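Trainee: Each chain is listed here by its residues.
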Amino acid sequence: MTPPVHALVNARLLDPATSTDEMGGLLIQDGKILDWGSHIKNEALPEYATIEDCHGFCLAPGLVDAHAYLCEPGKEHRETMATAGMAAAAGGVTTINAFPATEPVIDDPSLVEMISRRAKNTCAVNVCITGALTKGLLGTEMAEFGLLAQAGVVAISDGQFAIGNINLMRRALAYASMFDLPIIVHAEEPALASGGVMTGGRTATFMGLKSIPNCAEAILVERDIRLVEMTGARWHAAHLSTKDALDTIRRAKDQGLPVTAGTAPHYHALNDLEVGEYRTFARVSPPLREEEQRLAVIDALKDGTLDIISSQHLPQSADSKRVPFAQAKPGVIGLETMLPVSLRLYHNKDIDLLTLLHRMTVAPAKLLGLEAGQLKKGAAADVILFDTEKPWQVDGDALKSKSKNTAFDGHLLQGRVMKTFVDGTVVFEL
Amino acid sequence: MTNVNTIPFAHRHLLDIARLNASDINQLLDLAESYASLSRTADKKQSILSGKTQINLFYENSTRTRTSFELAGKRLGADVINMSVGSSSVKKGETLIDTAMTLNAMHPDVLVIRHSDSGAPHLLSQKVDCAVINGGDGSHEHPTQALLDALTIRRRKGRLEGLIVAICGDIQHSRVARSNIALLNIMGARVRVVGPTTLVPSNATKMGTEVYHKMSDGLKDADIVMMLRLQTERMQGSFVPSVREYFHFFGLDKDKLTHAKPDALIMHPGPMNRGVEIDSEIADDLNISAISEQVEMGVAIRMACLDLLTRRTE
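The listed protein sequences derive, respectively, from chains H and W.
Taking my numbering, the leading residue of the first sequence gets 1, the next gets one more, and so forth.
Taking my numbering, the leading residue of the second sequence gets 1, the next gets one more, and so forth.
Please keep in mind that the hints were generated in silico from the structure rather than gathered at the bench.
The structure presented is a predicted model; accordingly, all values stated were derived computationally and were not measured.
Here a beta-carbon is modelled for each residue, glycine too, at the ideal position from N, C-alpha and C.
Treat the hints with care, since some could be wrong.
As the list claims (entries may be wrong) - Partner residues are not named here, just some residues of chain W that face chain H (Cβ under 10 Å, in silico): (1) Gln46; (2) Thr102; (3) Ser202; (4) His213; (5) Ser238; (6) Phe239; (7) Pro241; (8) Arg244; (9) Tyr246; (10) His248; (11) Phe249; (12) Ile288.
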């Protein structure tokens, strides 16, 4: 007997990998995409198919979030794979790249296996894993990239910690290149950033907060690009926020170096004024920048200098945010709001819809060597239905993450995920 | 004795392999061959160097190389003096040149020097009147090691030319690797280097080698597999992440060895780190491992070097 077929019809099909934007449908069988395209219509379907009318909503590949912290194991009071999975599903994210800042740190191959297994059992969406660059994320000794790679990690990174030791970075790049693993870096010269809590500029000066100059980012990017030139290793800047750093990336790409870069929704949507009355939920690392820098981020997303938008989802407990600004831990949650916040760029006519989706699907999948992020016959049916227009107001408490540290609490957004499928199964429905 | 024992040597010192040519090397190997046979007889003592003085000046700790040079000198009848850093005036701050001048005033016939700085034997050779043998300088060369390796290979395989030799491990810091690469190239072997990207110089191909970062590729059809010692201080996260990872990817075990020729010969300059760069199962298998023969040939090679380099002073 043929396994049942589920048909999604009357949808606006959006597939950045093939630059498709057309009305049509998609067939799901056995958790996989059986077929898709403009030829999939209500009338042409076999009678045994169950049919779902999408009412003209957008049907796109599930998002791939290249940068998130799941906090499990070890920090389950902030987030678990189960809660992160629900938040991701509600945000249209069907694959999460989990960063190694867990307890214990993911610097041991046996942990990779354990976490993958746990994710399969408890997380509603797919989880891939980034291994630590240094043992214990201490920034001193290289972790076992080779054994980690064999265990299945997709990238190497020390997460929010920049590598200050240039020699270590040189060797790490050389060593990682053997296993074709990208190194994902937090681009901020640590000595310059030390103790700083917001971006250098007018606001910081008035508020009397210790600041981090923009050039802290550019200096580290410049430094690393030279090392990439020497080693030929794959290098990715996780979340850039300044014009000078982006210009350096642009030049490196022109040179043909294996360099990519990403940013997070809060860097294209917010500026340092958000800190306002010392709002700790606006404390992120790197810090929110001045308006001019935000506009440069949008330009870079437009011209492809920035390949990727990732959530940089970093849950923090209320206790670690209910303190004076300088003592607050940096980080915001973002799995659930990544798409709606980024749709602002589409509504403001900064970026067309396909390009915007490209930054959250094919591009991160390519960085991490995943098959996900595109509509492909025979591939897992990880797809989302979303409405670009639906207006809603973010209510931090209503978000599905265990921690509620969103920078967008109270924001009015336009566009929302209606339904999320992972392996053909509905994991979220509005 | 045969006439190999009377032809003078074309060089005053033995500072590096790079300045030798194939006939120099063959001359050393042929002479060493006869000393190898001699060393296996009951009466090993010769008087060729009787009345001559050999000073072993070791600025770096060494047991096997120093012992080997000492034994070689003594078997040839020389008066051998060992100077090691710990007990000498070097500890009191004397410069290398001052030490050289002091020793020179005692009229030695040959000086064997090991030093942690590349080029130290060259400096010394400019300041003394006797022959200087490089017993290992920094990451530069260890010529007698390459010669003894060549002799071992020649005895086992009958030739050097055309053989595929894979040198594996820490190429970057290895003087043994540099001397072997030079010698094997001169003698017409095909040299490969295999190691992690952090331990192979990025321009290693310019030294006349093929570069590999995977043992299975680098060992494919190899006649000779030369393992290098990995220094402990480089194992813990600076150049390679850990011992277990290094052994997993670059340690020689039966599995990786299947890629080499069935009759491949395994060599190691010693001292070995068992379970780091080499599995005991292989190191101790006398059918495939030439490691103890290397030590034996070491004495023969050093006898040949001492013999040839002291002939000129006559």
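Trainee: With reference to the structure, classify each hint as holding or not holding.
Mentor: Going down the list of hints, with the structure as the test:
Annotation: Gln46(W) was flagged as interfacial toward chain H, and the flag is violated, the nearest CB pair being 50 Å apart, outside 10 Å. At about 39 Å, the closest approach between the beta carbon of Thr102(W) and any beta carbon in chain H exceeds 10 Å, and the interface hint on this residue is violated. The interface hint given for Ser202(W) is met, as the beta carbon of that residue sits about 7 Å from the closest beta carbon of chain H, less than 10 Å. The restraint placing His213(W) at the interface with chain H holds, with a minimum CB-CB distance near 5 Å, inside the 10 Å limit.
Of the supplied interface hints, the one on Ser238(W) holds, with its beta-carbon coming within about 7 Å of a beta-carbon of chain H, less than 10 Å. The criterion of a C-beta within 10 Å of any C-beta in chain H is met by Phe239(W), whose closest approach is roughly 6 Å, and the hint holds. Look at Pro241(W): its Cβ gets to within about 4 Å of chain H, closer than 10 Å, so that hint holds up. Taken as an interface hint, Arg244(W) checks out: its beta carbon lies about 7 Å from the nearest beta carbon of chain H, inside 10 Å.
A cut of 10 Å between beta carbons decides the hint on Tyr246(W): the least distance to chain H is about 9 Å, and the hint holds. Of the supplied interface hints, the one on His248(W) holds, with its beta-carbon coming within about 6 Å of a beta-carbon of chain H, less than 10 Å. Restraint check, Phe249(W) versus chain H: the minimum CB separation of about 5 Å is within 10 Å; hint holds. Interface restraint check for Ile288(W): the shortest CB-CB distance to chain H comes to about 26 Å, outside 10 Å, so the restraint is violated.
Comparing the model with each earlier hint shows violations of hints 1, 2 and 12; every other hint is respected.
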